[in-house]
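So you can see what is in the structure, the chains are spelled out below.
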Amino acid sequence: MRHLLDRQRRAPAVLALVVLLLTLAAPFARAATPAPNPNNKPAEGKHYVVGTDTTFAPFEFRAANGDLVGIDMDLLHAIAQDQGFTVEVRSLGFDAAVQALQSRQVDAVMAGMSITEPRKQVFDFSDAYFDSGVQFAAPKTSSVNSLADLKGKRVAVKTGTAGADYADSVKTQYGFSTVAFGQTADMVNDVSTGNSAAYIDDFPVVAYSIQQGAPMKLIGEKAPAGSYGMAVNKGTDPELIAAFNQGLANIRANGEYDRVLAKYLGEQGTTQRTGFFTLLADSFPTLMKGLALTIAAAALSILFAMVLGVVFGFFKVSGNLALSWLATAYVAIFRGTPVLVQVFFFYFGIPAVTGITLTAFTAGVITLSLNAGAYMTEIVRGGIQGVDRGQMEAARSLGLPYMKAMNKVVLPQAIKIMTPSFINQFIITLKDTSLLAVIGLAELTYMGQQIIARNFRSFEMWLIIGVIYFIVIGLLTIASNKVDKRFNK
Amino acid sequence: MSTAANEPRAGADPSATETSRVPMAQRKDVIVVKDLAKSFGDNHVLHDVDVTVKEGEVVAIIGPSGAGKSTFLRCLNKLEDVTSGHVVVNGHDLTEKGTDLDTVRQDIGMVFQHFNLFPHMTVLQNVMLAPVQLGRASKEDARRQAEALLERVGLAEKADARPAELSGGQKQRVAIARALAMKPDIMLFDEATSALDPEMVGEVLEVIRDLARQGMTMVLVTHEMGFAREVADRVLFMADGVIKEEGTPAEIFERPRDPRTQDFLSKVL
Numbered sequence: 001m002r003h004l005l006d007r008q009r010r011a012p013a014v015l016a017l018v019v020l021l022l023t024l025a026a027p028f029a030r031a032a033t034p035a036p037n038p039n040n041k042p043a044e045g046k047h048y049v050v051g052t053d054t055t056f057a058p059f060e061f062r063a064a065n066g067d068l069v070g071i072d073m074d075l076l077h078a079i080a081q082d083q084g085f086t087v088e089v090r091s092l093g094f095d096a097a098v099q100a101l102q103s104r105q106v107d108a109v110m111a112g113m114s115i116t117e118p119r120k121q122v123f124d125f126s127d128a129y130f131d132s133g134v135q136f137a138a139p140k141t142s143s144v145n146s147l148a149d150l151k152g153k154r155v156a157v158k159t160g161t162a163g164a165d166y167a168d169s170v171k172t173q174y175g176f177s178t179v180a181f182g183q184t185a186d187m188v189n190d191v192s193t194g195n196s197a198a199y200i201d202d203f204p205v206v207a208y209s210i211q212q213g214a215p216m217k218l219i220g221e222k223a224p225a226g227s228y229g230m231a232v233n234k235g236t237d238p239e240l241i242a243a244f245n246q247g248l249a250n251i252r253a254n255g256e257y258d259r260v261l262a263k264y265l266g267e268q269g270t271t272q273r274t275g276f277f278t279l280l281a282d283s284f285p286t287l288m289k290g291l292a293l294t295i296a297a298a299a300l301s302i303l304f305a306m307v308l309g310v311v312f313g314f315f316k317v318s319g320n321l322a323l324s325w326l327a328t329a330y331v332a333i334f335r336g337t338p339v340l341v342q343v344f345f346f347y348f349g350i351p352a353v354t355g356i357t358l359t360a361f362t363a364g365v366i367t368l369s370l371n372a373g374a375y376m377t378e379i380v381r382g383g384i385q386g387v388d389r390g391q392m393e394a395a396r397s398l399g400l401p402y403m404k405a406m407n408k409v410v411l412p413q414a415i416k417i418m419t420p421s422f423i424n425q426f427i428i429t430l431k432d433t434s435l436l437a438v439i440g441l442a443e444l445t446y447m448g449q450q451i452i453a454r455n456f457r458s459f460e461m462w463l464i465i466g467v468i469y470f471i472v473i474g475l476l477t478i479a480s481n482k483v484d485k486r487f488n489k
Numbered sequence: 490m491s492t493a494a495n496e497p498r499a500g501a502d503p504s505a506t507e508t509s510r511v512p513m514a515q516r517k518d519v520i521v522v523k524d525l526a527k528s529f530g531d532n533h534v535l536h537d538v539d540v541t542v543k544e545g546e547v548v549a550i551i552g553p554s555g556a557g558k559s560t561f562l563r564c565l566n567k568l569e570d571v572t573s574g575h576v577v578v579n580g581h582d583l584t585e586k587g588t589d590l591d592t593v594r595q596d597i598g599m600v601f602q603h604f605n606l607f608p609h610m611t612v613l614q615n616v617m618l619a620p621v622q623l624g625r626a627s628k629e630d631a632r633r634q635a636e637a638l639l640e641r642v643g644l645a646e647k648a649d650a651r652p653a654e655l656s657g658g659q660k661q662r663v664a665i666a667r668a669l670a671m672k673p674d675i676m677l678f679d680e681a682t683s684a685l686d687p688e689m690v691g692e693v694l695e696v697i698r699d700l701a702r703q704g705m706t707m708v709l710v711t712h713e714m715g716f717a718r719e720v721a722d723r724v725l726f727m728a729d730g731v732i733k734e735e736g737t738p739a740e741i742f743e744r745p746r747d748p749r750t751q752d753f754l755s756k757v758l
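One line per chain: the protein sequences are X and Y, in this order. Residue 430 in my numbering sits at position 430 of the first sequence; the count goes up by one each step and never skips. Just add 489 to wherever you are in the second sequence, counting from 1, and you've got my numbering.
Hints were generated in silico from the structure; no laboratory data involved.
Cut-off 27 Å, straight-line C-alpha distance, at most; resulting in silico cross-link-like pairs (DSS-like, lysine-lysine):
#1 Y/Lys586 to Y/Lys517
#2 X/Lys485 to X/Lys404
#3 X/Lys408 to Y/Lys567
#4 X/Lys404 to Y/Lys586
#5 X/Lys404 to Y/Lys567
#6 X/Lys140 to X/Lys171
#7 Y/Lys647 to X/Lys416
#8 X/Lys408 to Y/Lys672
#9 Y/Lys647 to Y/Lys672
#10 Y/Lys517 to Y/Lys672
#11 Y/Lys628 to X/Lys404
#12 Y/Lys647 to X/Lys404
Partner residues are not named here, just some residues of chain Y that face chain X (Cβ under 8 Å, in silico):
#13 Asn566
#14 Leu568
#15 Gln595
#16 Met599
#17 His603
#18 Asn605
#19 Phe607
#20 Pro608
#21 Leu618
#22 Gln622
#23 Leu623
Quick caveat: nothing in here was measured; it's all calculated off a predicted structure. Just so you know, even glycine gets a beta-carbon here, dropped at the ideal spot from N, CA and C.
Turn these sequences into a full structure, and let the hints steer you where they fit.
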């Protein structure tokens, strides 16, 4: 195979204990065995949810039309078709996909995942469908032409990958230092801007980006790393593994496998670097798809947060000790932890314990609703307490019951006090939806990452995305202020 | 009980209610306060307060700042929680758990030092709110009644104004009209003229004086000594959370017996 190196990511830290426990049980674990008969279809008619990475061209990435394509995707669909099962692919990011598999949010992971011994303790792997390797790359115009030229320079690596491990193993020998990034695109950007002299990634990824016009050159030799396989939780889906192996054997035999690889790694003309407006026009439909999801997630979150804020805000001013304590605890928890941690907790943590799986959209909306709800609770409390006490007293002295006095006298004035803070919170929540990209929600920021992973045009793309957010938030602000003026005269 | 309070007030309007012609001692008790005590934590604001107010009686409460006058007044419609003792209004003991405070309060109007008008409503809406919300009158009837009340306090032309557009004296007159809209038996005035510019005090006192003439039962906390003397049937002097002395205006203002009363009056008169 031409492709040498591989992407071998370390198991996430949370795996460590599980690995340890399962090591004891390892001798009893079953090995998946491929079915020998080409017409055997062990998973026919079944439906599987498969988790994958977000930006790992050429294995998985978004095409210009927003579809998820790549070697993994094409092979998976070819095998599914051959074997008569259906798949739903969730593009989550590598670490997220592995966590989703462990929390049973997905049935399998196919994401350029190296077959390693530690992983085999936790997962069952299919037969290897790709042999890979890692290699350094530096800007075309750079004076770095060999590993020796890296002396005293900095090299960008991707956290938890085989490339990072390999770079660490040779950095003393060649005298360079490393800096770690979470995504290929960030790593490449760091090199493009000159912060780092070179980067290291899986060979097919580097080769593909150079083929797609990235102004990079390969440095040094490819270092072999391992083979990619599809993973399922240990002992859970033997028929999926069997079907995958059978389908893989079949498409290798009928030439489909070679066609897929040639499509992404064969010699092709270098893509022309397009102008800004062509880039804008090409990416616009995908970005608008993302924006629609951004707006849907923000609108629902804001709506639910308002309800939560009103309920808990009233709890706080109710004078009832238990209710007020409950509201205080709620606010303390959601204001006292980062939104990102909350997103991970609801998306990975809750399903891991309860077995109830949530889509990225549901988990995202739940998180943002609860988070914004905490802030809105304080806004509601502050608004009500901001109304002069004499207002309530005057209303009660007339004989109005508490709720009537609240509704007719205090709240209309409190809402006026709350409105500017509410508008502020709407804007914050809208912007916070961009954090949901980390759990693979295909909103605006995520779509931007996808496009950049394909074309490496980060300056123009983040500028375009920034402008889109700016316009949407501007419109939201104008609309909110209009409503404010109309109702709070 | 004061001895001189047996006769109706000298200034009482001859056209006023029947009640005003009945000697004070024979009238029924509308407010009975017994052994009232009130503390905010360790701060004992009121103790051993016993007061009875008769129907149609006008009681003025005077005394130095911090004496507990406003707190006492606010106990009469239970805007303040009572620490111990009893407050009985129109036969309802407000300190008892089962008492429906909202119903009792409908018959007790209150006017505050800082007016507490509802700023998001027009003057007319301020006056109409309670009768409409409490089902006392249809919207139409409430409007007619509110207009009549505004006429009575001399503010008919301000019906559609917002409170922010009014002077202090006008605000306080609207507040009185708002309280009267519930047709209360009792009116409580908590330093109703203290926040007003001097030139506006007169217009508010005139409205209160008019109510007194018509036989309204009233308790006023006031710093207007001349007005208390003129309009009250009985004056209570409060200091340090207790009623130090009480009597007719003549007794309190001309022949005060308690040294604290003498001292206070020598400073304010």
